[in-house]
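Knowing the structure of chain A, use the given hints to seat chains B and C on it.
Read top to bottom, the protein sequences are chains A, B and C. Sequential numbering of the first sequence, starting at 1, is according to our numbering. Sequential numbering of the second sequence, starting at 1, is according to our numbering. Sequential numbering of the third sequence, starting at 1, is according to our numbering.
These aren't lab readings, by the way, just hints derived from the structure by calculation.
Some chain A residues close to chain C (C-beta under 10 Å, calculated; not the full set): (1) Asp70; (2) Leu81; (3) Ala89; (4) Pro222; (5) Gly231.
For lysine to aspartate or glutamate, the following EDC-like pairs were computed, each having C-alpha atoms within a straight-line distance of at most 20 Å: (6) B:Lys316 / C:Asp63; (7) B:Lys76 / B:Glu98; (8) C:Lys229 / A:Asp67; (9) A:Lys57 / A:Glu72; (10) B:Lys241 / B:Asp181; (11) C:Lys206 / A:Asp226; (12) C:Lys350 / A:Asp67; (13) C:Lys90 / B:Asp64; (14) B:Lys165 / C:Asp93; (15) B:Lys398 / C:Glu51; (16) C:Lys229 / A:Asp70; (17) C:Lys90 / B:Asp58; (18) B:Lys415 / C:Glu51; (19) B:Lys76 / B:Glu102; (20) B:Lys415 / C:Glu49; (21) A:Lys13 / A:Glu195; (22) B:Lys415 / C:Asp14; (23) A:Lys398 / A:Asp286; (24) C:Lys298 / C:Asp425; (25) C:Lys401 / C:Asp343; (26) C:Lys401 / C:Glu411; (27) C:Lys77 / B:Asp64; (28) B:Lys315 / C:Asp63; (29) B:Lys315 / B:Asp26; (30) B:Lys5 / B:Glu102; (31) C:Lys433 / C:Asp311; (32) B:Lys415 / C:Asp19; (33) C:Lys90 / B:Asp132; (34) B:Lys76 / B:Glu65; (35) C:Lys229 / C:Glu181; (36) C:Lys401 / C:Glu436; (37) C:Lys229 / A:Asp210; (38) C:Lys229 / A:Asp65; (39) B:Lys177 / B:Glu193; (40) C:Lys77 / B:Glu65.
Being a predicted model, the structure only gives us computed values, none of them experimental. Think of the CB as a built atom: it goes at the ideal place given N, C-alpha and C, for glycine as much as any other residue.
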Amino acid sequence: MTTATLETPIQAKPAKQKVMLVEGNEAAALGVALARPDMVAVYPITPQSSLVEHVAKLIADGKMDADIVDAEGEHSVLSVLQGGALAGARTYTATCGPGLAFMFEPYFRTSGMRLPIVMSIVTRDGITPQSVWGGHQDAMTVREVGWVQVYCETVQEVLDTTIMAFKIAEHHDVMLPVNICLDGNYLSYGTSRVELPNQEDVDAFMGAKDVNWHVALDPLRPMAVDPLTGGSGGKGPSTFVRYRKGQCKGMQNSLRVIEEIHEEWAQRFGRRFAPLVEEYRLDGADYAIMTLGSMTGAAKDAIDEARDAGRKVGLIKIKTFSPFPIDALLKSFAKIQALGVVDRSVGFRWNCGPMYQETMGVLYRLGRHIPSMSFIGGLAGADITVGHFHRVIEATEKLLSNPAPIEPVWLNEKD
Amino acid sequence: MEQTKYLVVGSSHAALEAVTAIRMHDPDGSLTLLTRDPHLPYSPTVLPYVVSGRSAPDAIFLRDEKFFARQKVQLKRGTALKALHAERNAAELADGSEIAYEKILLATGAAPAIPPIPGLDQVSYHVLRTLDDATKLNAAIKNSKQAVVLGAGLVGMHAAENLVKAGASVTIVEMAKQLTDGYFDAIAAGLIEKAFTDNGARILTGSRVVKLAPSSTGATLTLENGTTLEADLLLVATGVKPNMEYLAGSRVEHDRGILVSDTMQTSVANVWSAGDCAQAKGFYTDAKIMNAILPDATEQGRIAGMAMAEDPGLKKYPGGVPLNTYHFFGRHAISVGSSKVPEGGEMVTRFDEATGRYLKAIFSADNRLTGIYGVNEFFDGGVMCQLILRRIDLSPVKERFLANPLAVGRELMSKTWR
Amino acid sequence: MGMFGGAYNTIAFDANKCDGCGDCMTACATAKTGTVDQSRSRIQIVGSEAEGFELALCRQCADPKCVTVCPAAALTKNYANGVIDWNADKCVDCLLCTVGCAYAGIALDAGTGHVAKCDTCDGAPACVPACPHDALTYVTTSRIYNEVGDWEDLFAPGLAGCQGCNTELLMRHTLRRVGPETVLATPPGCVPGMGSVGFNGTTGTKIPVFHPLLTNTAAMLAGVKRQYKRVGRDVTALAIAGDGGASDVGFQSLSGAAERNEQILFMVVDNEGYMNTGMQRSSCTPYGAWTSTTPIGKGPGNIPSQGKTQDAKNLPLIMVNHRCEYVATASTAYMEDLYDKLDKAIQASKRGFAYLHVYSPCTTGWRFPTDQNMEVARKAVETNFVMLWEYNPTDGLHFTKPVDDPLPVTEYLKAMGRFRHLSPDQISHIQGKVVENLAFVKQMAHREAV
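In isolation and in its complexed conformation, chain A is listed as follows (with noise of 0.2 Å):
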């Protein structure tokens, strides 16, 4: 395991990159054309479309050279990726919200069968109340179907991490799909400044394609894919056992290969990302708060801002949501004495955010008793100001005195 930080120097001296002004739909497209897909199954859904539209336009423009699937719904563009992974093809799409929903039968499937297909989610809240605009309540509802779930910051995280998407999922000790979270509207439409690497540089950090060496649709090979397998008696259970064991295995796996891959990513093309989580100014902080995706921007500031006040505050980030990196936030927690998680989503069974119910059971494991709280913010595209982190900041830092409250703060309630 890599022991980088954020600050270790990068030795390497990358090539000059190219700079372009993009948003993160563009710059999602333009990692999935350095990345060589073979397929790319689209159908539209706002606020992906862009995506889409760019990824269309990238191959018909002869600049990327992928053979495109205009399916006719969400649910036959994983299906028809299936297949093509399955026949040794690298495969990409697109969805978000709705649409992830209508796709949710094969993609509960992909992660089974063991297939790397990468699939950006333009989080978008779910419905209903009707919406059309950012939030995390699709891919969190998703969450425990076993794809490796991570989440971007900035535009070109994503475009960085599209394309480490493909690494990561066709590494031999992971071979799971992946989702690159990017939050809808946010990052989709936010356009920023983005160095973009060289195709030669990527081919060169992609390595050789091998998609379907474990699992394969080949005459050249045959053999039945996914049997039904299980059952109560003879080699059923065993059998069934193997396979979800090995899923679980491939996921515990990522962790590891992901921070390989981002460090490895950073000798190449001198740009570090968190690969699991990120501690930002968390060093001689009593307490933290803790983030997910493009809000922990505003966090960062509001946490300069109350080091600048004198708050002993620092800062958690979670790039990769599932697996759940607890090891990582072990260390991290270790260094505080409370807690405050903010989610972009609901986790209707807990009353409070589903980063904040899967962060409670880290904490059980520190072996210590913090007191920890939830907030719910920026749903439905709303915005999570300073302010609002301001609020989230002072909330935490009262639990240092003051037993947690069990009910969340929905920091948008009167906005």
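Structure of chains B and C alone, referenced to chain A:
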């Protein structure tokens, strides 16, 4: 020592059917077919037609070399079986060599039975059992003016007809009271006799030759009643006897023929027998009979082959049913089954003297057909045989059947075993 | 081919259609003897109006007794065409063959004094077209079986299908025909239920096979095919799906793939319901049929439940409206027709979407005896309950087995238990729909091709 899994001795119908049956179940087991005849396989039944010139001697072969090659059969022609050493699974050949077998079929057929008439060994005479006999006789017929045929069985009758047609003066001498005794009844025999006498042949039934002596033309025959006959061509066709001399010293039980079970197995392990040399049970009685006819030879050969190859589809031999067809001077006689009227049974005959059409049908007490005979009365022999073997109840159709056995037989066939 | 050769074309006789007119015998006598003497015909119709008519004719046995008893080598089985040839030059008129044959297939021709037997007129038997009632047919499916016999059976030996199911037949024949360069999709239903995909790590076929979702067969297969096309490999993408997965929940992906003209051969085995899971209704279930979700009962408010209350969706016609490369309906009762269509569908699938809809009676779900599958399949066609046709965009739609004189639909309905409860009104509804469907398809057939 040469070794083979299956050794089939003989090369006529029984032997060939056994080969087919073995190969259906065991395509690869080593198989050797041994025949003392130098020729490719042929049927003794066709020989009268070789005699008459109707069949070319080179066009009668039932199988060619290619067949044996294709079926992976080692064919040894002109090689007679001299002795069977069943106790050590070995066959000794005429040249003294031996073949070790796992299973052997004795389908060695029969040879002419030469009657013990004084002087016969002093004269030159023909027999008809092999192709070489037939070609010799064919040549002799052309020069014969005065021929005598001893025996009025089907072989003798066929030859006599050929001699008549070749222009010879022909006399047929038969010990029994009628021609074709044992094949056809008195009325049929009468029709046959009439056809022969109409064509100039002389028939001496109930006659016995007591002495033969060489003469300037060939031979002089003296009959029991003192009459003498001159013959420039003498054919001895007084019947056949199975070839089984090679059994001497073996423990294979034999009577008039080699005794076999209803799967054609002899009394000794790994030894089967079929065809004219075998004595198997009859259809009408469990007693073992000689039923030296071609269709039975094929049936027995098939069963023996299946038994040897251990084919699970093997069905037991139902027993021999006599079946004969006889074609004389453009007319046909067919006999199927037994001429004996069973107890409580019935024999129905229909005879039209003007046309010479004759039908005889024999039924059991419960209206099963047991035999049917016809001269110029056409019915399907194979269908009739099935009616007998299947013991089909003819009560509902008996009258119609007798009126038209051809059509009603076919109807029953279509309804019953189609 | 084994000891007895392969399968051969043959003259088939349907006793139920024969009225004993004797036209076949006249035709045979004319062709073979130059006379109209029926007694000299080699095909003999026997029997009576009262007893029914039967046939005596050479069956061209595989293991012919007449040949084995011929002493003159005059009879031989011709392994090229299956006919038992009679050689006049070798025959000695002994008639032993007539004793050997148990079927009166070879008999004396009094006109010549020789035996005579059917030689199938060199493959164009005169008797068959002479029959005014179609009681005689010349069955030429042997080609298929001979060819297929040499192809590898790509389905596992042994399977878990119901007794009497024709789907095994379809599976084995289809896989043999498409060959090993194939990827097979068998979505949930009877086909994987029979074991095609295997269980717990085993497989049921010798080719790559997978179990798509019930909903995404066409889409997954499209992905497989596209990737092979991309890398330049000629791989056939074949789906064998049930009607439920195709017409109901899987219809969207089917329609989408057809619209995109994906190069797929999509075969639907239409047993008119979800038979594998316990015989539930699908949109292909016909009106009035009992299924486990359209059961028979006294109903609420004294309105009895009498089976399905809607007519079946006509999926193949819907597929025609996608203007696929090829669309056809087929029946296992007409294998030659099916094979012809399978061949065309395979070729079409190299250009675009090919759809083959096979009507497949279900002995378990339709409730008929296990030995009646082909009969039920045949009756469906003979009553026009289903119609056999094919379509391609160039030639349009045309019937391949037109039934101009259909049996009443009751002949089909009464063959199985699932329609046993039908009221006269329901039967007349079904008969009316048969007429309407026929008219509808005929109208499409009459349209000029584009």
